[in-house]
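K.L.:
Which chain is which? The protein sequence lines are A and B, in order.
Numbering of the first sequence is given in the working numbering, commencing with residue 1 and proceeding in unit increments.
Numbering of the second sequence is given in the working numbering, commencing with residue 1 and proceeding in unit increments.
I should point out that these hints are in silico values taken from the structure, not numbers from a laboratory.
Positions of the beta carbon are idealized from the N, C-alpha and C atoms, including for glycine.
Facing chain B, a subset of chain A residues (Cβ under 10 Å, in silico):
1) Ala42
2) Arg148
3) His151
Chain residues, written in single-letter form:
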Amino acid sequence: MEFLVTTDPEYPAGDTVVVDAVNGDHAAMDALWHEHRRWIAAVLLAHKSTEDQVEDLLQDVAMTIVSKINTLRDTRHVRAWLRTVAVNAARASARSRRARPRLAPLSVDPPGPDHSGAARVTVDDEARHLMTLAARLPKSYREPLLLRAVHGMRGRQIAEIMNLAEATVETRIARGRRMLRDLARTGNSDDTAQIAIAAQE
Amino acid sequence: MNDLHDDILISQAIDGNATTAEWDELTARAEADPTIWRTLAATLREHGAFGRAVNADVAVADSIEMPAPEITPTARRATVSRFRGWSGWAIAAVLTIAWVGGVHNLVKTEPTMPGTDSAQPLTNHAGFGDGTTAAQLLQAYLDKGRQEDIVIAEVPERVLIRTRPAGTGGGYELLYLRQILERTVVPNLYEFYSQDEMGRPTLVRYVGNRGPSM
Chain A
1 MEFLVTTDPE
11 YPAGDTVVVD
21 AVNGDHAAMD
31 ALWHEHRRWI
41 AAVLLAHKST
51 EDQVEDLLQD
61 VAMTIVSKIN
71 TLRDTRHVRA
81 WLRTVAVNAA
91 RASARSRRAR
101 PRLAPLSVDP
111 PGPDHSGAAR
121 VTVDDEARHL
131 MTLAARLPKS
141 YREPLLLRAV
151 HGMRGRQIAE
161 IMNLAEATVE
171 TRIARGRRML
181 RDLARTGNSD
191 DTAQIAIAAQ
201 E
Chain B
1 MNDLHDDILI
11 SQAIDGNATT
21 AEWDELTARA
31 EADPTIWRTL
41 AATLREHGAF
51 GRAVNADVAV
61 ADSIEMPAPE
71 ITPTARRATV
81 SRFRGWSGWA
91 IAAVLTIAWV
101 GGVHNLVKTE
111 PTMPGTDSAQ
121 PLTNHAGFGD
131 GTTAAQLLQA
141 YLDKGRQEDI
151 VIAEVPERVL
161 IRTRPAGTGG
171 GYELLYLRQI
181 LERTVVPNLY
191 EFYSQDEMGR
201 PTLVRYVGNR
211 GPSM
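Chain B extracted, bound-state conformation:
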């Protein structure tokens, strides 16, 4: 008989797996050493509390559903591959149109800015022509976003992800994140508050602290 054996007997009793012989042995042991009852009681109490914590934490799994096959990485890769297959032809076609029709026609097909009137191309807002760079377009988005109260600011720090020597011409290639702080307003917030009798999370409208204003 040793501590580990006592622990196993207690554990079996708590889980409801102790046989009659194991109960008899545990009882006999506890009559000789009453601290075993105390240990049994403490372990039982902790088992209950620990179980509550674990089951509360794993309940989050009930809100995670299996992704639809079309958004799995395999499907995504297939989509990208298809896009790549066609993109070469698409670029060639666009270049041909540009050469035939002149670059001014392209201005009408440029993408619009998020959160703006889709009928108005971005270049019209910013007043850029065909020589617009990506940096100018992004700046235009930031400016327009501030006007519309969508963009709060661009975080000045840029987060370095990776550096490596540039292939040709020397220097280094940097991969980094630019962070833009945006705001949006939604009519309501909901939160998972508790569980129903089946253990499923229940959704309730969030009415607590609405968070600090910016």
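Just chain A, same shape as in the assembly:
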């Protein structure tokens, strides 16, 4: 099993988990969530607006899974379905954020240190810098790159999630890495035109 499972699921892994989850078995839904939530977070990172928090969006996704998984028709496509739920959650949140007026600023002291990223682990500056640069990549390249970086995600699985041919995924990862490398080297990708073209693809 390539996915990192952080908590022992109560349910044995396998296709029956998906079938049982679709049939409303909460333990199966829980197992499904434990198995997939890390890469779902990566999809959210690729598609969320800068203001949105991954934690909030994950909760939206979990809520949607519980309430809508009975609409999944083909259990073989559960990964693609989960990705769609995640992408929709990110887009819906960004839309509602745009539609919502900004809260009036409070005339009080600023809050203490930001602990909203509850489980965020301190990483080195180089790593954080690359993450910031990755936000400038087109989503179609950023997403497979993020998914590949999640422990153990293979091309076949990413292809299944994104509903793409595996060769396409590998090409996008290779080109995404090239773009990221150029951005890291120059701060300004000389691949700007390439990125623009990629964004249209």
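For chain A, the structure is supplied; the task is to place chain B on it using the hints.
P.N.:
Structure of chain B alone, referenced to chain A:
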């Protein structure tokens, strides 16, 4: 042979997916053009750093659990529907009691204020009778909250959410937020600080900057 092909070979090598033939091809290419080794090294380094950042960010998922079925929107809607079903009868019953027993009995059943002695109804605190409006009750809550140091202030700006023409009688209906700044004191704060060897977030007591006082 082109840049994209080189990129794919490098990418395959970094991910450990390169076949023997692809390694041979990459080696041959690099012998002819040593910058390819440099590119391989740089990409490998960035892959490692990027992976650390991504896995640190997605680790937050480990703290998000599947909601229990009873708090899902469907369940919530069902609860509301049940409440609506009964609420009409409940209102009718209350009106009947009020008509029979007189409105003064109702004062004893009015809700209490958050953070106050539950034995004391809000109307007793504020000295309001049965004709109390919502605005008066809210004002009473603000006043009492200030006394008890629970309420700091109401933010003067009201945030407009939506406007639409009022149905009858002209004018406009406004939906807006009122913001009340409250304070509370808790004995301890905890934060997710790092990960254990299994990659799970560990919880530690927060001992850093306790934030500015107000």
